[in-house]
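Asks: So you can see what is in the structure, the chains are spelled out below.
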Amino acid sequence: MMNFTRRGFVKLTGGLTALGLVSVPNLSAFASAKKRVVVVGGGYGGSVAAKYIRMADPNIQVTLIEKNKDYYSGPLSNWVVAGFRKLEVQKWGYEGLKKHGIDVVIDEVTAVDPAGNSVTTASGKKFEYDRLILSPGIGFKAMEGYDAEAQKKMPHAWIAGEQTTLLAKQLQELKDGDPFVLVAPPDPYRCPPGPYERASLVAHYLKKNKPKSKVIILDPKDKFSKMGLFTQGWKNLYGYETDKSLIEWIPGAQGGKVTRIDAKTMTVYTDMAEFKSSCINVIPPNKAGDIAEKAGLTDDKGFCPINFETFESTKQKNIHVIGDASAATGLPKSGYAANSEAKVCAAAVVALLNGKPVGIPSYVNTCYSLISPDYGISVAGVYKLHQGKILEVSGGVSSDKAMDFTRNQEALYNESWYQSIMADTFS
Amino acid sequence: MQRKRIHMMMLAGGLLGGMLMAMPVMAADPAPAAPSAADAEKAAKEKALAEAKAAAPADGAMLANTCAGCHGTNGVSAGPSMPSIAGMPAKYLEHIMSEFQSGKRPSTIMGRIAKGYTEEETKRIAEYLSKAKWQPVKSGPNSLTATKVDEAKGKKGKKVIESSKCGKCHEDEGVTQDEDTPRVAGQWVDYLVIKMQDFKNEHLSVPQPEKMKKAIDKLSAEELESAAHFYAGQK
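The listed protein sequences correspond, in order, to chains A and B.
Those letters in the first sequence? Residues 1 to 427, by our numbering.
Those letters in the second sequence? Residues 1001 to 1235, by our numbering.
Some hints here could point you the wrong way.
Listed below are several chain B residues computed to face chain A (Cβ distance under 10 Å; list not exhaustive) [what the hints assert, rightly or not]:
1. GLY1069
2. SER1077
3. ALA1078
4. HIS1095
5. LYS1115
6. THR1145
7. VAL1149
8. MET1196
9. GLN1197
10. LEU1204
11. SER1205
12. GLN1208
13. LEU1219
14. ALA1221
Derived by calculation from the structure, the hints in this document are not laboratory data.
By construction, the Cβ of each residue, glycine as well, lies at the ideal position given by its N, Cα and C atoms.
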């Protein structure tokens, strides 16, 4: 309703402006009893930006547009794949955000009009904004043979939900002795340690249930996040680098790069070999979510360059991009980083809309991975902006000398991390 | 420096020539070898990091909001093994952070995080969180792991804390807090159990008052668990 009347008003005054009767600054001064922020995407980034804007300034009208009624968290979804967690506890809704006075709209944004400061949705609604925040998550770059149909046979499970369930089912149905083939993505991608946590937890499942099977990771890279700790854990738990290893990692230098996929025959090809299985998990190269590309916000790498102080796009004015879609060089593409970026962006948007100077940002990342259900490791970082760069002023990974009780505590902290960050996101 | 050394090498090389060149240059120039490009890059990176670390601090809200991913919005934790820190005394929070930073207080992850902040930044975080309102913790809707307060265990716990005189410092059934003493009333059962296990853990040597160490060392795991249920059950 509010939107409708305002739109009517804008149309009317827009007409007057065109006749030179009302100047634009006057219009905004008069119409801006409430500034409008539209947030697109209600995950780890967008929901937090919406909430923290309202917490900082209840006079700003915030509309959150999200295409799905339910949100499924990516973090901890590897536990679901490995069969020791239900997808149901990964599911979150938007009732909590409504209590902050956020207008939650379940609809898909199909177009952004940067010149007109508006977005339109699949159902044909138009939303005008003073500032737009996009947090669309990831999309996938093309990979030969991996189309929408192939995704149903060889799930990526890199956007949680149905895909997670599908991969979990395929693992359950895997014949003992057949491999679980994991096609890892090239940098940069969502959740850097994620593929290796997944390999670990699938190995944990295989050890108990299908001891003749193993995980084969086909990787275009030669190193990966938390690599030392993962390989240490794999040696401790899964016989890594022995002939009975439950995990085999084939790096790019040894021909790990997958060049072609054939979903019909359930085969993936590298330059050197082919791998067949009933269970092939393909995580394609990542890029920013489609809407970011459509809005002309992406660079040649497929992500959105932004100003690190405000997360405003360097390509379009009044549009901010946060989370995995942004090219926040220096920060990892993690859920926690998205949360942190959202808060920096929210504070900047509140300042900008109130005509105040933008404050100094501070960013943090904290990310846990499990190697088995009671063996956890972490990476953390504190970041500051200095001379235009985001620099990690402190941080690092868990000690490689940690004792069992510490690994066990980090596994507990992983679940608690999830509870607190989800509460910070959705309630 | 670098240019000077190169000149010297050229000179020596010219004078001595051929196969004799390398050795006499080393002998004539006892200074360490010219820094490599990698060393120079490393030094520049370290300098930039040191400058970044010392650069002007963000405001309290900006800094403290980065804690919320683990400790909950405004420090009200929703994760059973993460402590709620909302409304704790600023001096207490600063003191704990400084111990994490120096390594005096063992931690899994907090040491790595605490080292990222200057004294002023830590102070701002602590002040901001100290002004937040304490709320008794409640489990998130999807939590599988939170231990609920068990009243029977809490009753046993009351006896334990009375005989161990916990109330001498943790006054008013754990509600009291000051510079040295955190509030424990209404905290998570799981967090309190983990912390007391840490206090007993000979590999960790967590800083704690001598009388607390003595009291805790005497108690069994079961007794400590019941004490956690008692304190967690207080409002």
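Asks: A separate judgement is required for each hint: does it hold in the structure or not?
Replies: So, going through the hints one by one against the coordinates:
no.	hint	in the structure
1	GLY1069	holds (5 Å)
2	SER1077	holds (6 Å)
3	ALA1078	holds (4 Å)
4	HIS1095	violated (19 Å)
5	LYS1115	holds (4 Å)
6	THR1145	holds (5 Å)
7	VAL1149	violated (17 Å)
8	MET1196	violated (13 Å)
9	GLN1197	holds (8 Å)
10	LEU1204	holds (9 Å)
11	SER1205	violated (14 Å)
12	GLN1208	violated (18 Å)
13	LEU1219	violated (18 Å)
14	ALA1221	violated (13 Å)
Going down the numbered hints, you'll see the structure goes against 4, 7, 8, 11, 12, 13, 14, while the others check out.
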